[in-house]
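Chemist: Keeping the supplied structure of chain A fixed, place chains B, C, D, E and F upon it in accordance with the hints.
Number of protein chains: 6
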Amino acid sequence: MRILVVNVNTTATITESIGEQAAGVAAPGTEIVPLTPSFGAESVEGNYESYLAAVAVMEAVRAYPEPFDAVIQAGYGEHGREGLQELLDVPVVDITEAAASTAQFVGRSYSVVTSLDRTVPLIEDRLSAAGLSDRCASVRASGMAVLDLDRDPAAAVDAIAEQAVRAVEDDRAEVICLGCGGMSGLAERVVERTGVPVVDGVTAAVTIAESLVRLGLTTSKVRTYAPPRPKKMTNWPPRP
Amino acid sequence: MRILVVNVNTTATITESIGEQAAGVAAPGTEIVPLTPSFGAESVEGNYESYLAAVAVMEAVRAYPEPFDAVIQAGYGEHGREGLQELLDVPVVDITEAAASTAQFVGRSYSVVTSLDRTVPLIEDRLSAAGLSDRCASVRASGMAVLDLDRDPAAAVDAIAEQAVRAVEDDRAEVICLGCGGMSGLAERVVERTGVPVVDGVTAAVTIAESLVRLGLTTSKVRTYAPPRPKKMTNWPPRP
Amino acid sequence: MRILVVNVNTTATITESIGEQAAGVAAPGTEIVPLTPSFGAESVEGNYESYLAAVAVMEAVRAYPEPFDAVIQAGYGEHGREGLQELLDVPVVDITEAAASTAQFVGRSYSVVTSLDRTVPLIEDRLSAAGLSDRCASVRASGMAVLDLDRDPAAAVDAIAEQAVRAVEDDRAEVICLGCGGMSGLAERVVERTGVPVVDGVTAAVTIAESLVRLGLTTSKVRTYAPPRPKKMTNWPPRP
Amino acid sequence: MRILVVNVNTTATITESIGEQAAGVAAPGTEIVPLTPSFGAESVEGNYESYLAAVAVMEAVRAYPEPFDAVIQAGYGEHGREGLQELLDVPVVDITEAAASTAQFVGRSYSVVTSLDRTVPLIEDRLSAAGLSDRCASVRASGMAVLDLDRDPAAAVDAIAEQAVRAVEDDRAEVICLGCGGMSGLAERVVERTGVPVVDGVTAAVTIAESLVRLGLTTSKVRTYAPPRPKKMTNWPPRP
Amino acid sequence: MRILVVNVNTTATITESIGEQAAGVAAPGTEIVPLTPSFGAESVEGNYESYLAAVAVMEAVRAYPEPFDAVIQAGYGEHGREGLQELLDVPVVDITEAAASTAQFVGRSYSVVTSLDRTVPLIEDRLSAAGLSDRCASVRASGMAVLDLDRDPAAAVDAIAEQAVRAVEDDRAEVICLGCGGMSGLAERVVERTGVPVVDGVTAAVTIAESLVRLGLTTSKVRTYAPPRPKKMTNWPPRP
Amino acid sequence: MRILVVNVNTTATITESIGEQAAGVAAPGTEIVPLTPSFGAESVEGNYESYLAAVAVMEAVRAYPEPFDAVIQAGYGEHGREGLQELLDVPVVDITEAAASTAQFVGRSYSVVTSLDRTVPLIEDRLSAAGLSDRCASVRASGMAVLDLDRDPAAAVDAIAEQAVRAVEDDRAEVICLGCGGMSGLAERVVERTGVPVVDGVTAAVTIAESLVRLGLTTSKVRTYAPPRPKKMTNWPPRP
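Chains as they are written, first to last, in the working numbering: chain A, 72 to 311; chain B, 72 to 311; chain C, 72 to 311; chain D, 72 to 311; chain E, 72 to 311; chain F, 72 to 311.
It is worth saying that the hints were derived from the structure and are not from the lab.
These numbers were taken from a predicted model, which means no experiment stands behind them.
Among the hints, a few may not be true.
Identical copies carry no separate label here, and so any pair may be met within one copy or between two of them.
Unchecked claim - No more than 20 Å apart at the CA atoms, straight line, and that leaves these computed lysine to aspartate or glutamate pairs for EDC-like:
| hint | residue 1 | residue 2 |
| --- | --- | --- |
| 1 | 303 | 113 |
| 2 | 292 | 140 |
| 3 | 292 | 196 |
In isolation and in its complexed conformation, chain A is listed as follows (with noise of 0.2 Å):
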């Protein structure tokens, strides 16, 4: 089978990790394809930016030319995930809904660790609009920006180590999620530091998707997720 694993932002280099990881846990016989948007911010860390990614992945994955199984969307705490599922009928996998759906499987309470403070609203309003919020013990900023995760891997490891730490301690976790699609491939060594398990969003998210095409399950269209209804559209899809 084939799955996109589309990026929110427009950085290249976050794509090709991502697919990495992506591609690391895959099933024989599961093709990852990594995409990036055409437009769109360098990195996706409030509203504005994440509305704009939104449609941004959604027309990458509309001018993506070949058939595919099942999409992920990379981003974390981002907005768009219900619009591609009104586009297709194939799943769609948001990673921190998949980061947290699988962490609850393996402890009674999670937290996730993310990039910078402004970006926490956004993940618990994404939790709890997909009904996995009742487990969440804590949305916690490491204060990394997400392009920095890359220019200093050791300093990121701390920072988010930390707030781990202290996420098991006082908000009582019993698993971490790492919350931004750039932390993938961090987790072992958060591991070493709190003894918990950590989930990453994008490696879940491929079994979860994986899993979904062996069920056979496709997108429920009976109403919310019903395709967009025939319209006059202006201006859109932008020129290239």
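Modeler: Frame of chain A, contents of chains B, C, D, E and F only:
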């Protein structure tokens, strides 16, 4: 003061009608400026169109060349208000939230009567994200598409009033919110049919925007709605 | 239009101060009428005094001989708004609810800073009953009794600002509501100390009452706030 | 021990009937003292009357000249219990809460069947404020006014039983609470009609008050129910 | 009347101590029968042991040869009450629920202080399942294992009182529940240290069980607690 | 990898059928080992039987002599998953939770259709305890006992499909979960009748268990699911 009232779809006659409603309730000295987005769908009735409308509204506001004191996003259940709040210091009022917030002052519970069944979840999610769902008795669909409201106003009133009566009798609503920007103007006739107060989001939003300005309140910039960080943007905004 | 602004305690200087705040924000053509109850406590800081204030406010309004367009109950966390809504057709606005409802338009979450610790539960219960607690980050006490606010305004500002700063930093509030009618007038100085918007309930309530009147909305009489049924009353109202 | 059972309305025959119910279940050695407030409405069926009853009950208890061990507030959904708790050290038991708390021990969920539709919201709010609404399946109105319960007991049983049956079948209630002090005495006949346990608030409250006294428990004075602070009171209590 | 008080562990001295506590508060004419399960763990401090205790308690009650009027399950946070309710018509009272329900009558919020940290989630889940968590301020662990409570009572009181004080000051609890059957007997000393009412689950349960019997209430059999359907059982109950 | 799939009842034909379903979806290289408990009821339809099943499943897993990589508890709404998680390091997946978690990825809300009405509360409680009830539209009973599903499959499909259709139309479910291990195999026919995705818990659980193993995740041992402390056990496990 000057208030921008931004339609979420590209149908100019709806913008005009919304603008008239807004102007009808505006205080002396308030200038209402209706805006139509330069791209998007002719009506917004689902997630894909709504996410697109979110960015179209933001770009319409960014492109407006004159100073203004507040913005009203005139789409019921639509995405995007949080993005506008990042971009602006002046108050931003979403009509879904304005109607609910106003309704709560004149009754113990309220229901929303909207256009199509598929938009019910969007409105429920918007109310929930805004912390306004505790006193929401129900969100009901009249079955009228947005563009049909104008084509057959008599049928629209009938369909809306029928659901409003059921909301009062079956769901125990004490106030009705008209859940669609295009329903502005039908309030009086729904009052006659139900005997309960009926709130229109556009006019409610005008009084709230004016109030916030008079109270000297602007959007808090301390966390969630801090301005976007300086970033490299690719291919955005779209070339006209 | 004429708006009655009813103090919940019997201290005339507080009534006067509330009336001045209200008048300061009222629109041209709005007449503010401050009222003091004819019985009750000199300040309201608990349930016994609050229930008593509830009936004292109702009797003060019933005794007012002229027509009026709206009523503001100027007690923070006080009981009784629902009773006034039964007695009247015109809008009734509680300042606790007015402040919270207004705060939600300019930030994702708000905290209330009130007088004594013992009044915190009353405010929490009022917000919860009104469906306004989802976005409430915390209710904090400054430790200043109501009558001390006037006696030592500088100490009051310090005590309130300290709790406001903690609300923003520790509880993640993005807006502060001043949780006591007697705090009207301190808003500006708390803004300076916290950097976030500060909402005063009395002035917020004036704009909301005016808005409801302009929108032609009156209290729903369909169920909860239907007029009291005709009944034999014993020894009530009390002889003056 | 001596328990005051305070009616919330001024109808002496109801006080008498409540007192008999209470005495019927009281343990040997418990003296039941029924009290009627000296002011207020002949029956309480709404917010205005209920707030008035709150203060009337408090004054009735304050005026009682002998020592006592506990107080029962015998109004269903009525305001005021928190005020009594401030004034007294001995336990105060509200019959709404007593019935719900008792019902939860004999079934997974309970419904309340009350008098008029307009009192439903008061009961819902009381249960919610007391933390007892999670297991409440519904609050239903029989349509019988309080004073009609006595005038036509057969019709009352029919109307109440009909709603009780619907609560069990449609709302999945497993226990029924009789939601009106005046319904004391109908329990047995409602059991016959529904086949589920039926809880009367007055008798439930007597056993709870006795239990709290036997356990040596008194109201916590640490915060919410601390005694009122010393204050100047104006024109209160009312001259007889 | 006769009340069975069933320990959840197999330590006879704890059964004895629980029985004494129960007998100390029982009304004249109430016979307390303490029972020890015939299989299971010497103390219950986790899910595996708790599920085992659930069936052990049920078998202990089934094996009891004489008639009885009510059953108390004397394990804090333990599983199984719902199963007993299916097997019996007479009231079944869980001490976790008895303590919480009683605490709510004497304070606005309560905290539980239990033995080990690992039992906190069990108690939280039990309170939540019983609809008693709204007014729960916190569940705190003293760090004392069940069997250590007896071995070093002075240290136990210190450890429990320390957490109780923090619950009152930091979590705003107004009542403390002693969260372990083995803590019966420590209440008085915790009252001295905290100044708030302290509820012991075993004694609270005795008064509730007696009350339910006096009120003539038995477990509702309409749905959740209907008797088990006739079935083929394999290898159960275990041969002694 | 090897996955144990444990039936909760003692009927071997159901174990066999569950095992076949599991094997049908398992990835190449996954060995499915179906287990039947050595004691308990022939079908589990209530709390008593469910608590007994909980310990029977735990003993069945403890008695299994070979290594394994994950365990699936194949009872819908049954107790016990938390106990298994204490006993094991490898992932434990409950089919109730697996189905709900999977359903949430393909629709905004889901309903469960189960066997008898009396099992509805167990399923509701399990979903609530697992943090999966926010998006649950309803749990409905088909009225078919577990052992009847096999005896008259055509009637079973009819009864289940009828409730499924009502869930979609009346409760606004967008996905259906088959709420009984014995319903495995009916999914396709319910899809035909409802037009929405249908999730079977057993197959969903297999893909989740495989995913957790592939992701290298094991149960968090930091608090709730720490291994049982060393203890003296009396008369357990039962002699065969």
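Chemist: Each hint should be assessed against the structure and marked as holding or not.
Modeler: Hints versus structure:
no., hint, verdict
1, 303 x 113, "between (31 Å within a copy, 6 Å between copies)"
2, 292 x 140, "within (17 Å within a copy, 36 Å between copies)"
3, 292 x 196, "between (24 Å within a copy, 18 Å between copies)"
Violated hints are absent here; each numbered hint is respected by the structure.
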